[in-house]
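**Student:** Each residue of the sequence shown is one higher than the one before, starting from 1 at the first, in the UniProt record's numbering.
Treat the hints with care, as some may be off.
As the list claims (entries may be wrong) - In silico BS3-like cross-links for lysine-lysine, where the CA-CA straight-line distance does not exceed 25 Å:
(1) Lys448 with Lys437
(2) Lys132 with Lys39
(3) Lys134 with Lys39
(4) Lys252 with Lys39
(5) Lys492 with Lys512
Claimed, not checked - Simulated restraints, written as ranges between beta carbons of each label pair:
(6) Cys491 with Ala224: 46 to 52 Å
(7) Leu99 with Phe30: 37 to 43 Å
(8) Gln481 with Tyr398: 44 to 50 Å
Derived from the structure by calculation, the hints contain no laboratory data. If you're wondering where the values come from, they're calculated on a predicted model, not measured in any experiment. Glycine included, C-beta positions come from ideal geometry on N, C-alpha and C.
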Amino acid sequence: MDIVPVISDPARHWFENISILIMLILLYNFIPSRIYRNKTFWFSVFVGVIFCFAAAMGILVPWTGTSHPVIGLNGVLIPLAGYVGGFVSAGIITIFFVLYRILSGGGTGNTPDLVIAIFAATVGCLFYELRKRKIILIPPVFEIFILALLFAGITVTTLSFFTHDGGMDHPGYLIGHDDTGIVIFFGLFLLGFTIIQIDNKRANEESLIRYQEHLESMVQERTAELSDINAFTQATIDSTADGILVIDPEGKVKGYNRTAREILDIRSPDETKEDELMISRLIQYHMAKPDSLDESLFFALPEENQVFTTELTSRSGRIYDLSIAPYRVHGLVRGRALNFHDITEKKHNEEILVGMNQKLHLLSGISRHDILNQISALKLYLYLLKQNPTEQEALEYYDRMNRTLRLMQQHAESSGEYEDIGIHQPSWQNPGAAFLKVAGSFADQGIKFSVSDIRYDILADPLLERVFYNLIDNSVRHGGQVTTITLSEECKDETMHLIYQDDGAGISSDEKDRIFKKGFGRNTGFGMFLIQEILSITWITIREDGIPGSGVLFEMIVPAQAFRPSLEK
Numbered sequence: 001m002d003i004v005p006v007i008s009d010p011a012r013h014w015f016e017n018i019s020i021l022i023m024l025i026l027l028y029n030f031i032p033s034r035i036y037r038n039k040t041f042w043f044s045v046f047v048g049v050i051f052c053f054a055a056a057m058g059i060l061v062p063w064t065g066t067s068h069p070v071i072g073l074n075g076v077l078i079p080l081a082g083y084v085g086g087f088v089s090a091g092i093i094t095i096f097f098v099l100y101r102i103l104s105g106g107g108t109g110n111t112p113d114l115v116i117a118i119f120a121a122t123v124g125c126l127f128y129e130l131r132k133r134k135i136i137l138i139p140p141v142f143e144i145f146i147l148a149l150l151f152a153g154i155t156v157t158t159l160s161f162f163t164h165d166g167g168m169d170h171p172g173y174l175i176g177h178d179d180t181g182i183v184i185f186f187g188l189f190l191l192g193f194t195i196i197q198i199d200n201k202r203a204n205e206e207s208l209i210r211y212q213e214h215l216e217s218m219v220q221e222r223t224a225e226l227s228d229i230n231a232f233t234q235a236t237i238d239s240t241a242d243g244i245l246v247i248d249p250e251g252k253v254k255g256y257n258r259t260a261r262e263i264l265d266i267r268s269p270d271e272t273k274e275d276e277l278m279i280s281r282l283i284q285y286h287m288a289k290p291d292s293l294d295e296s297l298f299f300a301l302p303e304e305n306q307v308f309t310t311e312l313t314s315r316s317g318r319i320y321d322l323s324i325a326p327y328r329v330h331g332l333v334r335g336r337a338l339n340f341h342d343i344t345e346k347k348h349n350e351e352i353l354v355g356m357n358q359k360l361h362l363l364s365g366i367s368r369h370d371i372l373n374q375i376s377a378l379k380l381y382l383y384l385l386k387q388n389p390t391e392q393e394a395l396e397y398y399d400r401m402n403r404t405l406r407l408m409q410q411h412a413e414s415s416g417e418y419e420d421i422g423i424h425q426p427s428w429q430n431p432g433a434a435f436l437k438v439a440g441s442f443a444d445q446g447i448k449f450s451v452s453d454i455r456y457d458i459l460a461d462p463l464l465e466r467v468f469y470n471l472i473d474n475s476v477r478h479g480g481q482v483t484t485i486t487l488s489e490e491c492k493d494e495t496m497h498l499i500y501q502d503d504g505a506g507i508s509s510d511e512k513d514r515i516f517k518k519g520f521g522r523n524t525g526f527g528m529f530l531i532q533e534i535l536s537i538t539w540i541t542i543r544e545d546g547i548p549g550s551g552v553l554f555e556m557i558v559p560a561q562a563f564r565p566s567l568e569k
């Protein structure tokens with residue numbers, strides 16, 4: 001015959017009560033994270049309230065035979081509350097039990113309920129402090145085990161002391177001395193183990209949250225660092241004077257700096273069609289002679305290592321030294337890097353240097369030729385004076401010798417002016433202001449000088465004033481009865497035309513093409529030639545386009561790169 005262990009009804013009711021408490025204690029899991037994480041006063045309050053609610057449900061609701069207006073087995077919540085939340089939690093649930101005991105008619109007499117409650121609160125708080133101060137360093141499961149064992153011993157001892165007649169056996173209070181300790185121990189241990197599991201679960205969740213926050217913080221820091229690095233890199237690239245541009249193997253623009261954007265007028269991707277970001281299209285549109293560039297240079301192949309260089313001129317007249325090199329990422333060719341280096345000033349200086357060498361050679365030839373001619377004339381007059389001329393003839397020879405010397409002096413002075421051309425750096429000047437300044441030197445000639453609204457400055461040699469001086473001097477010397485001289489401007493296509501006019505006799509058609517040649521004229525032959533040479537320093541050309549008999553009309557044609565809106569107000 002099999003022997004089946006029989007569990008007494010009180011014991012079964014007590015285990016049912018424990019099961020209900022375990023389910024109710026799961027409310028501990030729903031303490032708000034910000035309160036649970038900090039473990040402050042409000043955490044202890046939450047623990048006390050949750051445990052009070054669990055005790056109330058275990059006492060008041062008729063779940064099982066344990067429902068009775070006494071504390072009974074629900075007292076295991078007191079040490080557990082002290083262990084989890086400290087003095088505040090233990091105080092809240094103890095006060096709840098005492099008040100309940102009074103309100104239920106049990107009074108405050110010397111009963112096991114109250115004695116056990118006081119001991120339970122003290123033991124629970126003691127373990128809380130030991131754990132908080134890290135005096136005991138054992139796993140939480142062992143702490144609960146010791147707490148449950150200690151509380152079970154206290155409960156059995158207390159019940160034994162107060163039960164003299166063995167009659168305290170109603171279901172909500174006592175099982176029997178043999179079963180009480182076991183039920184109390186397992187009840188408290190199960191509840192404590194449930195709390196530990198919840199703590200472990202929430203600790204893991206908090207660790208994951210903190211780790212996630214740490215990762216997010218690291219990502220934000222790295223993102224900020226990368227953003228700073230990218231901003232620094234972009235600022236460094238943007239601060240360079242060269243235009244830097246990166247294209248992919250298909251020739252599509254993938255990146256560029258501020259200078260490159262200005263050179264090729266690149267707009268943002270949101271404002272630009274995809275085909276408009278192709279380098280061949282940008283070169284074709286913005287460069288003056290795009291066909292001179294081999295487009296195959298834009299396509300990068302892995303085996304290519306050579307850096308190609310070429311020269312391009314933009315439609316605005318700027319000259320660029322373009323270098324094209326493979327663009328590599330981790331050793332692999334990902335496209336091409338283009339560098340636009342502005343060499344306009346360099347080219348200009350080279351042209352000036354070549355021009356100055358030509359002028360020095362020309363000046364040397366002119367001076368030598370003119371001086372030899374004048375010396376020959378002087379020798380002739382000296383020879384004639386030795387032939388015993390008459391007094392009248394001698395005076396005429398002396399007069400011619402003086403004129404020859406004056407002519408030699410004028411040649412020397414003109415040569416000095418010619419030497420100054422191109423010596424100094426061209427600068428931006430307002431032609432109207434320069435014209436009026438020079439006009440003041442002819443104030444006694446009875447000529448009215450006027451300037452139309454000059455809206456542009458021009459890039460010219462510092463001898464620009466000499467240009468206007470020679471033009472006005474030419475009008476005074478050869479224009480006859482000149483009464484008005486005007487300077488105006490007119491824009492045509494991409495050039496600006498400065499127009500000098502007077503109301504004098506003008507220039508005959510057969511002389512229009514010869515007046516700017518060296519040596520042409522009645523004096524030194526340098527005046528108009530100097531004008532042309534001074535203006536040519538900055539690519540400005542001059543021509544005479546007036547009607548003979550109606551005054552001169554000198555048209556100075558200024559290219560796009562040599563004029564800009566005037567800065568003078």
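**Student:** Are there hints from earlier that the structure breaks, and if so, what are their numbers?
**Tutor:** Of the numbered hints given earlier, those the structure breaks are 4, 7 and 8, listed in rising order.
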